[in-house]
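2 protein chains.
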Amino acid sequence: MKLKVYVDRMSQPSRAVLIFCKVNGIDFEEIKVELSKRQQLSPEFRSINPLRKVPAIVDGRFKLFESHAILVYLASAFPGVADHWYPADLSRRARIHSVLDWHHQNLRRGAATFVLNTVLAPRLGLPLNQQAATEAEKILISSLSTIENIWLKGDGRYLLGGLRPSIADLSLVCEIMQLELLDGKDRDRILGPHKKVQQWIESTRNATRPHFDEVHNVLYKVKTKLSEQRSRTTLPSKM
Amino acid sequence: MKLKVYVDRMSQPSRAVLIFCKVNGIDFEEIKVELSKRQQLSPEFRSINPLRKVPAIVDGRFKLFESHAILVYLASAFPGVADHWYPADLSRRARIHSVLDWHHQNLRRGAATFVLNTVLAPRLGLPLNQQAATEAEKILISSLSTIENIWLKGDGRYLLGGLRPSIADLSLVCEIMQLELLDGKDRDRILGPHKKVQQWIESTRNATRPHFDEVHNVLYKVKTKLSEQRSRTTLPSKM
Chain U
1 MKLKVYVDRM SQPSRAVLIF CKVNGIDFEE IKVELSKRQQ LSPEFRSINP
51 LRKVPAIVDG RFKLFESHAI LVYLASAFPG VADHWYPADL SRRARIHSVL
101 DWHHQNLRRG AATFVLNTVL APRLGLPLNQ QAATEAEKIL ISSLSTIENI
151 WLKGDGRYLL GGLRPSIADL SLVCEIMQLE LLDGKDRDRI LGPHKKVQQW
201 IESTRNATRP HFDEVHNVLY KVKTKLSEQR SRTTLPSKM
Chain Y
1 MKLKVYVDRM SQPSRAVLIF CKVNGIDFEE IKVELSKRQQ LSPEFRSINP
51 LRKVPAIVDG RFKLFESHAI LVYLASAFPG VADHWYPADL SRRARIHSVL
101 DWHHQNLRRG AATFVLNTVL APRLGLPLNQ QAATEAEKIL ISSLSTIENI
151 WLKGDGRYLL GGLRPSIADL SLVCEIMQLE LLDGKDRDRI LGPHKKVQQW
201 IESTRNATRP HFDEVHNVLY KVKTKLSEQR SRTTLPSKM
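Line order of the protein sequences matches chains U and Y.
If you're matching positions, the first sequence starts at 1 in UniProt numbering and goes up one per residue.
If you're matching positions, the second sequence starts at 1 in UniProt numbering and goes up one per residue.
Excised from the complex, chain U in its bound form:
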């Protein structure tokens, strides 16, 4: 039975799992769970993931959620996946776990909370919270500095000095990609000083093309819509 992958392409961990499957030639069926329509609350999806979050997978009778756990499982269970994504070498593997563990309370917390409270909340029927955005921006900028100065230290193109990408590169880059939705000034202020981070995003995009842009296409469309809305609100008044 084909692997089932439950995703909303507007969710950054969903995009990471989708890109991973496509790049590695894993035969899978993509099943859409639209968060804006609250489809994650349906009884059908609840039987897949009682925590009602995407992504989730079903492999035969085995159900799994949490994107990092999914990436580790897919890299281990599907024999066609190249070693660099999740190395068999224990110390290299351990350092990838270290980055993935760090991600949750740092980059993910900062980026997701910031984008939610500056851009996305109204689309989900939620209020914008300025204080939450301010706190999240600090965590986000500190996280980008850690990536720039610690995880990307050395000559490798990827995290931890890697010459080829791992599941940690894919997960973290997909997280950062949501900053595309920000107003250009905000994005430049936050990402601008982090030159290595910018190069690393491009390296990861190139290593996973054409799937990277194909899966991010929905994000690019929302970005265009938001830009049009912003330029309409800043047009000179006829008064």
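These are computed hints drawn from the structure, not numbers from a lab.
Any given hint could turn out to be false.
Reference excerpt, derived from the structure (chain Y facing chain U, CB under 10 Å, subset only) [stated by the list, open to error]:
| # | residue |
| --- | --- |
| 1 | F62 |
| 2 | E66 |
| 3 | H68 |
| 4 | W102 |
| 5 | R108 |
If you want a taste of the chain U side facing chain Y, the calculated C-beta under 10 Å gives, among others [as the list claims (entries may be wrong)]:
| # | residue |
| --- | --- |
| 6 | L41 |
| 7 | P43 |
| 8 | S47 |
| 9 | L51 |
| 10 | F62 |
| 11 | L64 |
| 12 | F65 |
| 13 | H68 |
| 14 | I70 |
| 15 | Y73 |
| 16 | A77 |
| 17 | I96 |
| 18 | H97 |
| 19 | T146 |
Built from N, CA and C at the ideal position, the CB exists for glycine as well.
Given chain U, work out where chain Y should sit, using these hints.
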């Protein structure tokens, strides 16, 4: 060269790593990094963990931080560790990763932020933040409900229906143990309704005795001190 484990026993992930090493007969040297004396900021420790957090380990020339990554590494690299801690079976292992990933933004975020902002902040020279405590309590109670109703569903004594503990049991129980520092009323209100969680804490304590209580002893001492302080402040006045 003996494994070096850098810890502060007042840190719950430090305690999880220490208990794991002791229960599994891993030969190691415990090196104290006292957070209350800001020893994690020293140049020596920075060369071990540039993020300046405990726990961290050095195994030969290999340095590693983030407690979940450390537990996975130790369970994989030390041949004497029983399979139940981190099963070789891919689907059981994947579900343990799923719990560990969930932990970061849920139980850990709720418990650590709540205890910091109700009890520990003054000991670390920080102000108590009532709003942060209120938000953290919601996350904490929701996380305990998830453990009670989802992760502890079924007949097993441990998470995911396990008959013996895994690294996820150890990590999550150590996180919850910091609630010992709360005022009795707060602790009863938060933990009281979660009967399965209470049984599971006892099961994990029993499965790892005597090391569990020995490593938690520092926490029990602080608990006694805090209780004495509370009873002094509620003594009838002589006025």
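Hints and how they fare:
1. F62: Since chain U brings a Cβ to about 5 Å from F62 (chain Y), closer than 10 Å, the hint holds.
2. E66: For E66 (chain Y), the interface hint holds, since the closest Cβ of chain U sits about 4 Å away, which is under 10 Å.
3. H68: holds, 5 Å
4. W102: At about 6 Å, which falls below the 10 Å cut-off, the nearest Cβ of chain U leaves the hint on W102 (chain Y) intact, so it holds.
5. R108: Where the cut-off is 10 Å and the nearest Cβ of chain U is about 7 Å from R108 (chain Y), the hint holds.
6. L41: Violated, about 16 Å.
7. P43: The hint is violated - P43 (chain U) has no Cβ within 10 Å of chain Y, the shortest such distance being about 16 Å.
8. S47: Because about 12 Å separates S47 (chain U) from the closest Cβ in chain Y, which is outside the 10 Å limit, the hint is violated.
9. L51: With a minimum Cβ separation of about 7 Å from chain Y (threshold 10 Å), the hint on L51 (chain U) holds.
10. F62: Constraint on F62 (chain U) satisfied, holds at 5 Å.
11. L64: holds, 5 Å
12. F65: It holds, given that the least Cβ distance between F65 (chain U) and chain Y is near 6 Å, below 10 Å.
13. H68: With a minimum Cβ separation of about 5 Å from chain Y (threshold 10 Å), the hint on H68 (chain U) holds.
14. I70: With a closest approach of 8 Å, the I70 (chain U) hint holds.
15. Y73: holds, 4 Å
16. A77: holds, 5 Å
17. I96: The hint holds - I96 (chain U) has a Cβ within 10 Å of chain Y, the shortest such distance being about 8 Å.
18. H97: holds, 4 Å
19. T146: With a closest approach of 7 Å, the T146 (chain U) hint holds.
The structure fails hints 6, 7, 8 (numbered hints given earlier, in ascending order).
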